[in-house]
Structure formats: structure tokens, C-alpha cells
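*Asks:* Work the whole structure out from these sequences, hints included.
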Amino acid sequence: MGYTCIEKIIMNNLGLKHVRPNDIVTINVDRVMIHDIFVPFVSEKFEEMGFDKIWDPEKVVLIYDHLVPTSRVEDVRHFQIGDAFAAKYGIKNVHRGEGICHQLMPEAGYVKPGDVVFGTDSHTTTYGSIGAFSSGVGYTEMAAILGTGQLWIKVPETIRVTIDGKLPAGVMSKDVILRLIGDLGADGANYKALEFAGSAVDSMSIASRMTIANMSVEAGAKVGLFAPDEKVAEYCEVSVEEIPDISADEDAKYVKEIRYKAEELLPVVACPSSVDKIKPLTEVEGTPIDQVFIGSCTNGRLEDLEIAAKVLRGKKVADYVKLIVTPASREVYRQASQAGILETLIKAGAIITHPGCGLCCGRSGGILSEGERVVATNNRNFLGRMGPSSVEIYLSSPAIAAASAVAGRIALPAL
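Number 79 in the numbering used here belongs to position 13 of the sequence shown; there are no gaps in the numbering.
Just so you know, the hints here were simulated from the structure itself, not pulled from any lab data. Heads up, a few of these hints could be off.
What the hints assert, rightly or not - Cross-link-like lysine to aspartate or glutamate pairs, in silico, EDC-like; alpha carbons within 16 Å at most:
1. Lys413 x Asp385
2. Lys297 x Glu308
3. Lys158 x Glu113
Because the structure is a prediction, the values reported are computed rather than measured.
*Replies:* Below is the structure:
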């Protein structure tokens with residue numbers, strides 16, 4: 067009787083020889099992440115529950131990313147509460163303005179293959195890209211984890227997604243995950259594990275896998291998992307032998323199996339105002355736009371900025387369009403600067419901002435005005451997310467976003 071990736075992680079974590087979907091288990095937590103928006107609520111609930119110490123302060127990471135730097139007085143209070151909470155309970159892993167939590171956690175080595183990680187953000191699913199069971203929780207659950215080091219969960223059923231072949235030029239992993247979300251629907255994978263496999267998946271970079279794992283939650287998934295390989299070992303600076311065996315067995319049981327031929331996948335966009343409202347680029351090509359945003363925990367990594375620079379090299383952003391580029395972390399910013407990527411973007415007319423969540427969550431400079439239209443590489447296009455509810459948000463890959471900035475309308479990149 068075989069097991070899926072998520073089942074193996076849970077069995078390894080608990081020392082069990084057998085689990086099945088829908089079993090209720092109390093899992094041991096390897097790492098938690100709390101970001102600046104939630105820290106006041108977590109700290110209040112933690113003390114309300116009567117805890118007087120954190121189970122293991124070394125396993126707690128506090129990251130200020132959504133609100134920094136801020137122009138709002140009320141946001142500063144979040145930082146003050148976070149600093150006081152960290153000092154009181156011995157939390158040393160505090161990152162202030164160094165980048166987005168979902169970039170920093172794997173980048174700084176806080177997550178390893180086979181780990182169980184929870185964060186106060188729905189896109190904590192990102193770390194499934196390196197073989198971790200990672201998922202978002204609310205502040206009540208986080209407070210309980212801080213006090214106990216454990217959390218009860220239901221073992222998720224698994225949907226296996228196999229992608230074989232070679233992606234066509236101009237098609238990125240963002241197009242792949244948007245297509246999948248469109249096919250499944252926004253609730254098509256509720257509390258399921260999405261398990262990705264196939265030759266096209268094997269050839270993807272870690273950054274590309276992160277994009278897919280990040281957006282798995284947009285179909286309702288508990289986690290988006292990739293079995294660790296040599297690329298993961300290199301990224302995590304460990305040997306392949308050190309990685310726990312969490313690859314799915316050949317006779318593993320799945321609630322659903324989905325297969326794609328990579329060569330048949332097309333550039334797509336998510337249209338306003340739902341992530342599962344997917345259309346081929348050709349159906350919306352030529353739609354006038356006012357702004358482009360390249361960044362977020364979905365597509366703000368070095369690979370994404372490189373692709374944008376490739377599209378923009380020697381070109382200029384349309385006169386009436388604003389292009390805002392936000393690197394996902396300070397390290398990504400540094401590498402992009404050293405490689406000349408930022409210079410290319412600036413010459414094209416881009417506005418480069420500090421690392422962080424930025425415009426994606428509408429808490430930083432660049433929000434749009436009534437009735438404006440934006441092409442963005444982030445993960446959500448809900449009403450009111452980047453300005454008034456009349457703003458139209460189209461989600462796309464960095465390649466489409468960059469090409470659209472030059473054309474002044476939604477456009478196909480020439481790659």
C-alpha cells in the first residue's frame with residue numbers, strides 16, 4: 067500500500083508506519099512564521115490563552131514585510147508590538163524590511179525538505195516547492211502552536227498533477243498554475259494537497275516551482291508539493307542523502323489525477339476579479355492598461371526580474387503607463403543590481419521600490435485610481451486589493467507584464 071508525498075511527511079514527523087487521508091493527527095511543528103500584520107493579534111491571543119513562554123523561540127521567525135516602510139501611523143504600532151513580543155519571549159529571528167516572508171524563509175535557510183511549517187499567511191504554501199509541508203493558519207492557531215509546538219490537522223487527500231514535455235517559449239510556470247486554477251476552480255482543491263510531477267516539473271527551477279506552490283492555495287489547497295531532487299538539495303545546501311524520502315510511491319492513492327502536455331499550454335491571464343477566471347492571452351490581447359506591477363511572493367525573484375529585463379531591454383515603457391518593480395528580498399535586489407538587471411529596468415522607465423510585499427496587498431505606494439486597469443504578477447486580483455473596487459486587476463507572468471508595459475496594452479512577449 068503506497069503513500070503520497072504529504073502522507074510520507076506526516077508519517078516521518080510522527081514516527082508512524084501508516085496514515086490515510088482524513089485521519090486526524092497532532093503534528094509536531096518544525097518552524098513558524100509570523101508577519102507584521104498579524105503579530106498584534108497573535109501576541110494578544112497567546113497571552114489570553116495563558117501561556118507564559120514559547121515552546122522553542124529558535125523555531126519562531128518574525129518578519130516585517132507587508133507594512134514596511136510605512137506612511138501610516140497605525141502601522142508603526144504593529145512594529146512596536148512585534149518588537150516587544152520578541153524581546154519578552156526571546157525571539158531572535160526578527161527580520162525588518164529585508165523582504166517578503168515567503169522569499170526570506172527558504173532563502174535564509176529556515177525551511178528544509180520534509181519540514182512541517184506554519185505561517186500567518188495563506189501563501190505559506192510556497193515552501194512546498196522544496197518539499198516541506200507548509201500552510202497558512204490564523205492567529206488563534208498560531209498562538210496555540212507558540213505555546214505547545216503542535217497543531218492538530220486532518221491528513222489531506224492528494225490531487226496529483228503531472229506535466230510532461232517542454233513548455234513553449236513565452237509560457238512560464240505562472241501560466242501553468244493559472245491554467246490549473248482555472249481548470250480546478252477557486253475551491254476545487256479545498257483542503258487537498260496538490261502534488262506536482264512530470265518531466266516539465268523536473269526541468270523547472272526552484273523559483274518556478276515556488277510560483278506554482280505559492281498559488282496552490284488559490285485553488286483551496288492545503289499545500290502544493292514537489293518531491294525534493296538535486297536542485298532542491300543544491301538550493302538548501304544539503305546533500306541528496308540528507309533529504310528524507312518523501313517521493314510518492316508508485317501505488318500511492320489519489321483522489322484525482324490531472325495530466326497536461328507542456329507543449330499544449332498557452333500564455334494565460336486571470337481576469338478581474340477572480341483568480342480562477344482564466345482566459346488565453348489572445349482573448350484579452352490589446353486591452354488598454356494604466357499600470358504594471360512586477361513583484362510579490364509569487365513573481366518577485368531574480369528569475370522573474372531577469373525575464374522582465376530581457377523583454378524590456380532596449381525598449382521604453384509606454385508614456386502613459388507606470389511600471390513598478392519590487393524585488394522579493396534584499397538579496398534579490400542586490401543580485402539584480404550586480405547583474406545589471408535593475409539598470410536595464412530603470413533605463414526602460416521602471417520605478418524600482420524597496421523589497422517587500424509592496425503594491426500586491428495595497429499597503430504601499432502605487433495604488434491605482436478609480437476605473438484604472440493594471441497587469442500584475444501577484445497572486446490575487448480581488449476587488450479593492452490594489453485600490454478602489456473599480457480597479458481592474460489582470461494577473462499574468464512577468465513576461466506578459468513586461469511586454470504589456472511597453473505596448474500600453476495587454477501584449478504577448480516576444481521571447
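*Asks:* List in ascending order the numbers of the hints, as given earlier, that are violated by the structure.
*Replies:* Hint check: 3 fails alone, others pass.
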